[in-house]
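**Student:** From just these sequences and the hints, can you work out the full model?
Next come the chains, spelled out residue by residue.
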Amino acid sequence: MASLDRDAELLKRFRAGDREAFTVLYRTHQASVFRFALAMTGDEPRAGEVTQDVFIWLIHHPATFDPSRGSLGAFLSGVARKFLRRRRAEEMRWAPLDELSLAESRSSSVDSDAETLRRAIVALPEKYREVVVRCDLEEKSYEEAAGAIGIAVGTVRSRLHRARALLARKLDRRRKEEQCPA
Amino acid sequence: MSGMSCREFERPLMESARSRPMDAAVRAALAAHLEICPRCSRALERQIRLSAAMEVLAERTADVSAPPSVEQAILAELNVVQRRAARRWIYAGAGAAVAASLAMVWWLGSAAPPKKMESHAVTKPPAAVVQASAVVPAETSALVIPVKRAAKRRVTSASKREAPFIAIPYTLPLDPRERVDVVRMDMPVAALIAAGLPVGMADPTGQVRTDVLVGQDGRARAVRLVAIASSN
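Note that the protein sequences, when read in sequence, are chains A and B. Counting in this note's numbering, the first sequence runs from 1 upward without gaps. Counting in this note's numbering, the second sequence runs from 183 upward without gaps.
Simulated from the structure, these hints should not be mistaken for lab results. Keep in mind that the hints are not guaranteed to be accurate.
[What the hints assert, rightly or not] Negatives, chain A to chain B, calculated, CB over 12 Å: (1) P67; (2) L72; (3) R86; (4) I149.
[What the hints assert, rightly or not] Distance condition first, Cα-Cα at most 25 Å in a straight line; then the derived DMTMM-like pairs of lysine to aspartate or glutamate: (5) A:K127 <-> A:E91; (6) A:K82 <-> A:E49; (7) A:K140 <-> B:E241; (8) A:K140 <-> B:E227; (9) A:K176 <-> B:E237; (10) A:K170 <-> A:E126; (11) A:K82 <-> A:D66; (12) A:K176 <-> B:E227; (13) A:K127 <-> B:E197; (14) A:K127 <-> B:E241; (15) A:K140 <-> B:E237; (16) A:K140 <-> B:E192; (17) A:K170 <-> B:D205; (18) A:K127 <-> B:E192; (19) A:K140 <-> B:D205; (20) A:K170 <-> B:E241.
Computed from a predicted structure; not experimentally measured. C-beta atoms are modelled at their ideal positions from N, C-alpha and C, and glycine is treated no differently.
**Tutor:** Right under this line is the structure:
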């Protein structure tokens, strides 16, 4: 609650022309926005671009944040989600088919489970990827994830179950490939 | 619970691998099922491995943050936005000042009565108030109003362009600190003559444009000729 008040106050000060207030806001929230974007894209430069898009958007639309509807962190994560989706739609328009469907096939045999998992998460369909990022990487509750994504709690559970089944299968396949390389 | 199928254990199995709190009865049923179901046991193993990898991945990214170039780009955008906003304020201020000036001009033009041509406040009485030389009695002839040097300079420069004020006879002298108003109006020549002011005009039925110096008490103290307004 204190951080919510603090963020609201900082945004208010920024709207009154206080540049330092925005810098504080950026330094407080940039890491979580960047991490979310990185988990979703699996690519640091792209995650950086999304983070930049999110905060530049906030510079131009500071009045859009309503503290009564939730924290600034959740709000920014929602904005990041929209930018990711927009970016994804643009990439889908131009990327060749093989690049879209076989992203995970490029992992080398020396990748650890975590690295394999990172690639596997990025290759998941977006609706599954997002619940994994929210629930397992950000360790949010089902309720928080449902609120952030805008779906029912039951849908979060079923998507997470499906996503984890896909990821577990990929990890298993990777391990088998490592044990008996073709 | 014992009659539950593998499908029904899928979710409890996931929750167990994620170390989430679970109903005690469900936990017991799951444990019993795992003992007799090798397929679900393998599935749990896979899920536990997945959770461990997920933890490693979360730890790896726990300290990552956006590169400094992102902050630089954002602060640059902030500069642009703030400069643009400052420029907007300057334009708005200038616009408001122009609008206020125009409104003032319009108000002054429309608010003044027809006879009263213009009126403006003067904080100090003008130094160039002189006596009505021909007719003013001796006691009022030495009407000299001391003023501060700055005010004197200002009024003196104005009086270079305009005629000096002539004190109206038998009125109280102005105090140097007294606030006065100058009111421009057309006055009958006859009234000026009757007040003992030297008006060098042949036609006493005409009118002359004058500036009248009004004291704080609202009484006229001095007058000066500006121009002949009309003649009957």
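**Student:** Each of the hints needs a verdict: does it hold here or not?
**Tutor:** Here is how each hint holds up against the structure:
Listed as a non-interface residue, P67 of chain A keeps its Cβ farther than 12 Å from every Cβ of chain B; the least gap is roughly 22 Å. Look at L72 of chain A: its CB is around 16 Å from the nearest CB on chain B, clear of 12 Å, so calling it non-interface holds up. Chain B leaves R86 of chain A outside its interface by the beta-carbon criterion, the shortest separation being 18 Å against a cut-off of 12 Å. The Cβ of I149 of chain A lies farther than 12 Å from every Cβ of chain B, with a closest approach of about 18 Å, so its non-interface assignment holds.
The straight-line distance between the Cα atoms of K127 of chain A and E91 of chain A is roughly 17 Å, inside the 25 Å bound, and the hint therefore holds. Distance hint between K82 of chain A and E49 of chain A is fulfilled; the C-alpha atoms sit about 13 Å from each other, no more than 25 Å. Restraint check for K140 of chain A and E241 of chain B: the C-alpha separation of about 15 Å stays at or below 25 Å, so the hint holds. Restraint check: the Cα-Cα separation between K140 of chain A and E227 of chain B comes to about 23 Å, which is no more than 25 Å; the hinted pair holds.
About 22 Å separates the Cα atoms of K176 of chain A and E237 of chain B, which keeps this hinted pair within 25 Å; it holds. Restraint check for K170 of chain A and E126 of chain A: the C-alpha separation of about 17 Å stays at or below 25 Å, so the hint holds. Of the pairs offered as hints, the one joining K82 of chain A and D66 of chain A holds, with about 17 Å between alpha carbons and a cut-off of 25 Å not exceeded. For the given pair, K176 of chain A sits about 15 Å from E227 of chain B by alpha-carbon distance, which is consistent with the 25 Å threshold.
Our distance criterion of 25 Å between C-alpha atoms is met by K127 of chain A and E197 of chain B, whose separation comes to about 20 Å. For the given pair, K127 of chain A sits about 23 Å from E241 of chain B by alpha-carbon distance, which is consistent with the 25 Å threshold. With a C-alpha separation of about 13 Å, the suggested pair K140 of chain A and E237 of chain B falls inside the 25 Å cut-off, and the hint holds. A distance of roughly 21 Å separates the Cα atoms of K140 of chain A and E192 of chain B; the hinted pair therefore holds under the 25 Å criterion.
Between the alpha carbons of K170 of chain A and D205 of chain B the distance comes to roughly 30 Å, so the proposed pair goes past 25 Å and is violated. Annotation: proposed proximity of K127 of chain A to E192 of chain B holds, straight-line Cα distance about 20 Å (limit 25 Å). Only pairs whose Cα atoms come within 25 Å are accepted, and K140 of chain A paired with D205 of chain B is accepted, the gap being roughly 20 Å. Distance restraint check for K170 of chain A and E241 of chain B: the Cα-Cα separation of roughly 21 Å lies within the 25 Å cut-off, and the hinted pair is therefore satisfied.
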